[in-house]
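Student: For reference, the chains in residue letters:
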Amino acid sequence: MTRLHFQPIEGKSLDILDTILKNTEVVSVDDSWRNLSVVVEEIVLNIVDYSKSDYLDVEIIRDEESITLRFHDGGVPFNPVEKEMPDFAVPMENRQIGGLGIFMVIKYMDTVRYDRSGDENILTVMKRIRGK
Amino acid sequence: MKNDFLVSKNGTVLIITLGRSLNTANAPALQDELAKFTGETIEKVVFDASELLALSSSGLRVVYFAKQRLGNKPEIIFVNCAKEIYDTLKLIGLTSAVKFLKVENKKVVRIQEALESFAANNDVVCYSMKMGQADD
Chain A
1 MTRLHFQPIE
11 GKSLDILDTI
21 LKNTEVVSVD
31 DSWRNLSVVV
41 EEIVLNIVDY
51 SKSDYLDVEI
61 IRDEESITLR
71 FHDGGVPFNP
81 VEKEMPDFAV
91 PMENRQIGGL
101 GIFMVIKYMD
111 TVRYDRSGDE
121 NILTVMKRIR
131 GK
Chain B
1 MKNDFLVSKN
11 GTVLIITLGR
21 SLNTANAPAL
31 QDELAKFTGE
41 TIEKVVFDAS
51 ELLALSSSGL
61 RVVYFAKQRL
71 GNKPEIIFVN
81 CAKEIYDTLK
91 LIGLTSAVKF
101 LKVENKKVVR
111 IQEALESFAA
121 NNDVVCYSMK
131 MGQADD
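So the sequence lines, in the order shown, correspond to chains A and B.
Each step along the first sequence adds one to the number in my numbering, with nothing skipped, and position 49 is 49.
Each step along the second sequence adds one to the number in my numbering, with nothing skipped, and position 25 is 25.
A hint or two may mislead.
Below, a list of computed lysine to aspartate or glutamate pairs in the EDC-like style, where the Cα atoms sit at most 16 Å apart [stated by the list, open to error]:
hint, chain 1, residue 1, chain 2, residue 2
1, A, Lys12, A, Glu64
2, A, Lys127, A, Glu64
3, B, Lys90, A, Asp87
4, A, Lys107, B, Glu84
5, B, Lys9, B, Glu43
6, A, Lys107, A, Glu82
7, B, Lys73, A, Glu93
8, B, Lys9, B, Glu33
9, A, Lys52, A, Glu10
10, B, Lys9, B, Glu51
11, B, Lys102, B, Glu51
12, B, Lys73, B, Glu51
13, B, Lys99, A, Glu93
14, A, Lys52, A, Asp119
15, A, Lys107, B, Asp87
Chain B residues, not near chain A, derived (Cβ > 10 Å throughout) [to be verified]:
hint, residue
16, Asn3
17, Asn10
18, Ala35
19, Phe37
20, Phe100
On the chain B side, residues computed to face chain A include the following (Cβ under 10 Å) [stated by the list, open to error]:
hint, residue
21, Ser56
22, Phe65
23, Gln68
Rather than coming from a laboratory, the hints here were simulated on the basis of the structure.
These numbers come from a predicted model, not from an experiment.
Note that the Cβ used here is the ideal one computed from N, Cα and C, for glycine as well.
Based on the provided sequences and hints, a complete structural model is requested.
Tutor: Below is the structure:
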C-alpha cells in the first residue's frame, strides 16, 4: 500500500495528478486500463477545486484482483455518490458539463463509497483488475 | 505536439489532431485555441483521435465547446476512435450526436478526402473499433 500526502493543494492539481499517476501501483493498471487516469483526475480536481481542504491524502492499494484508491480531505462535507446525475436526454448543443466527472467515476469503477469521519471526507473507489 | 494537439482549418472544416490524452493538462489550452475560431464559418469539427487513449470531463468540455460555440452547431466527427473513447462517448449519450469515421491513413489530407467521401454518404455512420493495431 502507498500513502501520499499533499499539502497545500490549492493550485496544485496537476502536480498532484502527476505524482499519483506515476505511482507504480497506478501505472500497473493505467497501462492497460486508461480510464483509471480519468477517474483519478476527476476526483482530484473535484477535491482541489471545490472542497476548500488544505490537504489531500491518497491511499493506493493494489492486489492480484483489484486496485483501490482512498481519498481523504478535510474540506466541506460532500457526498459525490448522492450528487444529481447529468441529464443526457438534453441535446448536445444545450448540455451543461457539470456533474460529468463524478458520473464517469461512478460508471468506470466497480465500487464508489463515501464516508464522513470526523472532519474528513473519505472517498473510496475500487476496480477489479486481474494481474499485477 | 505542444500540449498534445494540433489545430488546422481547411475551408469550413476544423481539424483537431489529438495526442494520447485530452484532459485537464491540455484541454484548457485547446479550448483557448478553438476560441480563436468563434465567429467564423465552421461546418464540421473533426477530432482525429487516432492516438487518443484517455478522455476526461475536461476533454469532453472542449467537445461540447466545439458544438455549442463554433459556427452554427457544427457537425462533430471523431476519426479513428479507440473502443475506450467510443465507450466514453456512448456512456454520456453522445453517439447519436457525434459521427464516427475510420481513416486508414492518419494524415490530415487523407482525413479531408475521407470526409468528402463521407459527406456524399452522410446518412451512413461509419464506426470501426481500433483494437490495438500497430501504428504506421
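Student: Return the numbers of the hints above that this structure violates; sort them in rising order.
Tutor: 1, 10 and 12
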